[in-house]
Amino acid sequence: PVPWVPLGKQWYQRRVRAGDSSDESSSSESEPEMPVSRAPVRQYTSILEESDDEKRVVRSSKDKRFSEINQTIKAIRNAKNIKDISKVREGYDSLCTIYTKSSNVIAKNGTPKAFIRCVADLETFVLTLWEDREQKSKLNKINSKALSALKQNVRKFNKGFEAEIEEYRKNPDSYEEVIDEEESADEDEAEKTRDAAKATKKTRTSSSRAFDDDDDDNDDDDDDDDDDMRGPGMGDDESDDSDEMWDDSEDSSSSDDEMPAIGYTAAYFLKKKDDDKKDKPERKKKAPKQQARTSTSKEEEEGWTTVSGVEKVAKEKPLFEEGTEITVDVVNQKIAELSSIRGRRGANRKKNIETFELLTETCQKENLGTPVVAKCLYFTCLAIFDYNPSMSACMQVDIWVQLLVTLDKLLTLLEGHREVHFVEGLPDEEENLENEEKPLTVAGSILVIMERTDDEFTKLLRNLDPHGTEYVQRLSDEAKLCLLILRVKAELATRKASNAEMCRIYLRQIEHLYYKVDYAAAGVNEEGKVDSREKMDELCKFIYRIESSDHSGDLDRIRTRAMLCHIYHHALHNRWSEARDLMLMSHLQHGISHADIPTKILYNRTTVQLGLCAFRNGYIQHAHTTLNDIQSSQKSKELLAQGLSTQRMSERNPEQEKIEKQRQIPFHMHINLELLEYSYLTCAMLLEVPHMAAHQFEQRRKLSRTFHQQLRNADKNPLIGPPDSMREHLVASAKAMMKADWRTCADTLLAHKIWNLMPNAEEVKGMLRQKIKEESLRTYMFTYSACYDSISPEVLSRMFDLSNKQIHALISKMILNDELKASWDKPTDLLILHRAESSKLQRLAKQTADKLTYVMDNTEKMLGQGTTFTGRGNAATGLTWPNNIFGAGNGTQLMGFPMGVPGQEQRYGSAQNAGYIARNRGNYNNQGGYNRQPYSRMVY
Amino acid sequence: MAKYDLTNQLSEYMDLHLVFPLLEFLSTRRIYDEATLTESKYKLLQNTNMVDFTIDVFKSLNPGEEAPSALTERREDVVCQLNLLQQRSSQVIEIFSRQDVTDVAEKNRDSQELWNYLSENYKFQREQLDDVFHYGKFMYDVGNYAIASSHLNIYRNIAPADSKFYSSAQWGKLASEILQQNWDLAMDELERLKDNIMAAVHLTQSEVLVQRAWLVHWGLFVYFNHPQGRDKLIDDFLHQKTYLNAIQTMCPHILRYITTAVVISKRRRDGVKELIKVLQQESYKDPITEFVESLYVNFDFDEAQSKLKECSTVIENDFFIVGCLDDFTENARLIISEIFCRIHQRIEIDMLADKLNMAPAEAEKWVVNMIRLAHLDAKIDSKNGYVVMGGTSVPIYQKLIDKTKDLHLKANSCCQKVDKKLTLGI
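In the order they appear, the protein sequences are chains A and B.
For the first sequence, my numbering gives the first residue as 1359, with consecutive numbering after it.
For the second sequence, my numbering gives the first residue as 9, with consecutive numbering after it.
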């Protein structure tokens, strides 16, 4: 059922016969990328679309409607030929709809002949089929159903055109004629606007079709009969033999006017024009053109035949050489033509890329000037991006490499020719590719290309196995990518790009920098390396400095992301106060819930990194508060976009899962979740164990549920062996700490090798050891102070390996905070413990009193209005944990920016001055007030 | 002690004229080279119109040399300009010296009515008013703060709040009052300005921030000279979030003054907690803040003591708090002893004396005084030379009683409420 394939061949043969010089375009072509099982209908559609495209430049509504009709007609024909009645019916229905829709156009121009023809043919087709019992019985259920429905519809609908149909039946030739004229008129129009040398593919198609038409007009019956035989063959790559065979069958096909072959498009009717009106020279002129056309067009004409790629290249090159009149305009037209098929389903993307590359080469050879070459390269990039049909899929590695190379070429070209400008959103007509006097402009944006490349890179990594060598290989491309970004940045800067654009490229640079640990800064000194901190500061400050005059959301987003990256970078390098200051000053937590999801993820990452930074710096309380949220949520993987947690799989539908997968952060940027959890649990242990000891007789408020959960789980184990997993280590050390056995505690905790993942593992370990000593001492004092009447600080000092002074400070602190009932006796240098330990009766009495107060409060509340007493405070559990500066919401800080020194020239109240300082100082937006919100909240 | 000198940071937020007192002070402290100080003073002066003063400074800088011609020419200019401005504003001044105008001005608080009166009777123009401001500003530049102050006052009284120079006039007035050392008036101005900044809608947030920072700095003059200044400083800066934020954002060095004020203050307990929180967040450090931190955060008395010694040198060299030195030392001792006594049962007097930086006899006297004034629940064991603290822990029974004391009252009030509801409801 693919008559057009042989047609292509025939056309070619005919041309050879006619002695056309461009016969190098062999009729066969390899189709490596073509899915073998592609439905033929689709192929047709692509043809149709294509011929449609060519007209696109100048098209009235009439043309549009008519071409729509033509397309549908073609589709019907195709379906008819493969006896897919339901398809025919579909097509017919849509034809009717289009007809009604375009009724006003039709009223003006008359019913298109093609339409009448189709309708009439269809009627005949249906009736014949209906009569033919044998055929009918062969149809499957769906098709036979469709057939009867179609019959009904056709009869009903065709009533309106009886006269025309009648006329057509009488004189079918006149109909073809008229359509031809219409088409050629179109063509003329098109040609007026374009270069004559660039006859469109449609023309060619039509000419080719026209040639074949002579023989094939009448191939209906045979065609139908051949159906079964051809069906299976059409999916395979055709061998020459089969081609031949088909050819034959085609030739031998009957000539039935009423049932034209599939694939005969509107162009079908052009035959006469070619024959009658076109003289040979003109066609010759067109020939080179045609061959340079898109791969799609080739596919269309030669799709089912085979030829090697090399052959193709060899074939295409001469085309341009031959066309002496290849000018900027010609190339330009070609690009427009090629790009117009972008995104079409049938388009062969691989070939598209090759074509563009070829075009580039040719342009270079022909010395058509930098702008044209740049444009070609630009479009090559676009074609590469188009290679993947879906946004979610990642590029193939070879395509990716190709992309990098192309981009590199483009940039090199631009670097050599500073006078060429890419202008985004420039209409094609205003491009200036040649005129040296005016600024040379090309429509497009290298920034967009760069961004897209960067995104593709992320996608690529996301889809690779992070533990494979391939991942590492690709990761090494990042250096190249960064270099490209840098070059794009330089290009943009020299071309005076707008602030927003500069911000975008800066952001890209930042995002490639922020998550990397700068080992040089961490101590390993390498000569000549720029400190990443300075780099980061410089980049971020550039973005901060841009006033968002129009408050465009885009710029705000860039700023937010830059800030988050900046904070992340600070936190990663243990610059706790800088990171915290920036976080608190930036007000990010206010607006973050309205941000887009990638930004939210970045926010979560930043918060977690900040928590880890606090941990490394020994701010256990802050670290705990910050990390508590993410750890208690049980969704840390999702929140950080580092994979999907398994136990919740059931709650997620595949759609959601797909979306979440697309958000994943590449592996090399991950925050180690194990380390995160261990750090968090360590914080929890350091806080919770003394807390538990201090309040062992009271209903205690839990500081960390997760920690308690771990303890409970461990208690369930019937047999406790030596710790193995991370959690077991933790539980074991927590148990040791409860007994104030700091040595075991510290040894167990620090034995786990995961700490080595911390950039400054030894320092952190030292800090933790110290903390464990202190907290063990506290636990000890809470638990066993009742057993002592007095105790010497020396003993404690020996027990906990702390200096006398530290013991003194720690215990003094406990005394002052009312945690410990004791006092120092200086002359004997002993700690005297006051017997604060109450008897059971006293404790119970106290609890009763607490409960009574509670009941009282509730009663009061129930009674309504508030003649409340203030004496409630001391009835509470008496918990006075050091207030956490974030959680309590009084976090305040300033930004740590180097301030310009405004000099000694303040005049009173002059607003200019104020602005000056503000600009130097306040590189953030809206720093008038400071956050009152905890930032540690995760964003879901 | 130049390390802890804040003049550089402070002057960033000061008016030109306000820096001179600081420089004068510095030159008496002799922590900087006299010549460089004078040099910088000279540089500063060149930006003002105080040409005579400039010439004086120049002469002291370059003894025996004549003042450069530029300066003398400048003098001519200034005088010329002065006359011009004086002429232009004299009319207004004359109007204002009239009896009827003063009457109206006194009767009507509203500037609009006064304005109407003036424009009706004297054809008063907006430009004339601006002249007043310019004259005031010029007088300020020349160093004649009294006249500047009075002119700016006139301007501010008539001009509507949205006029161009309104806020400038206010700042100018504050500066003039400060430079004239009218602390009460300056305090009023400060309050006004504060309200103004609060009410300013046309300023962006960063402008507001900067204005607040200025206010904080200019206010230092007032707060440390006005009798109630210190307490007000705590209220205004430490307890008001907006100003605290401005300080943390723009000028953390102000924490020194807040800390000093808190230590001196009688209501210390309220402030200390807040202050500690702020101090822990900030990276700003100087002996004064470190002293407080070592006491309240680290409980390290040795360090506190050494810091206290440093503190006195810092205070001596700070223009604003130099007058608070004695107060500070006294109160610092009090704090140390207070904390010390809370965590100790028995202390040797010698040791206490050492911690407080006193002679033992003096310390004993001091403790006795404390006991007598009921600051301290303690007795002196004179034979052994100990101070013995009173019972520290509250017995559990007392706690229970405290806890349940309220219940009775509350239950009563609940009963009454129920009664009331019953009578009303049925």
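Accuracy of the hints is not assured; some may be wrong.
Said to hold, decoys possible - Stretch-level coverage of chain A by chain B, calculated; a stretch enters the list once three of its residues show a Cβ under 8 Å from a Cβ in chain B: (1) 1951 to 1963; (2) 2077 to 2087.
Unchecked claim - Computed far set for chain A versus chain B, every beta-carbon distance over 10 Å: (3) Cys1454; (4) Lys1854; (5) Lys2184.
Hints are computed from structural coordinates only; laboratory data are not their basis.
Every residue gets a Cβ at the ideal spot worked out from N, C-alpha and C, and that includes glycine.
request  = Given that the stretch 2077 to 2087 of chain A was listed as covered by chain B, double-check it with a C-beta distance under 8 Å for 3 or more residues.
outcome  = Per the Cβ count (0), the hint is violated.
ask   = Checking the smallest CB distance to chain B, is Cys1454(A) really beyond 10 Å?
value = holds (64 Å)
ask   = Are three or more residues of the stretch 1951 to 1963 of chain A within 8 Å, CB to CB, of chain B?
value = violated (count 0)
Beyond 10 Å from each Cβ of chain B, as asserted for Lys2184(A) = violated (5 Å)
key: Minimum Cβ distance from Lys1854(A) to chain B greater than 10 Å, as the annotation requires   = holds (28 Å)
When the structure is compared with the earlier hints, violations turn up for hints 1, 2 and 5 and for no others.
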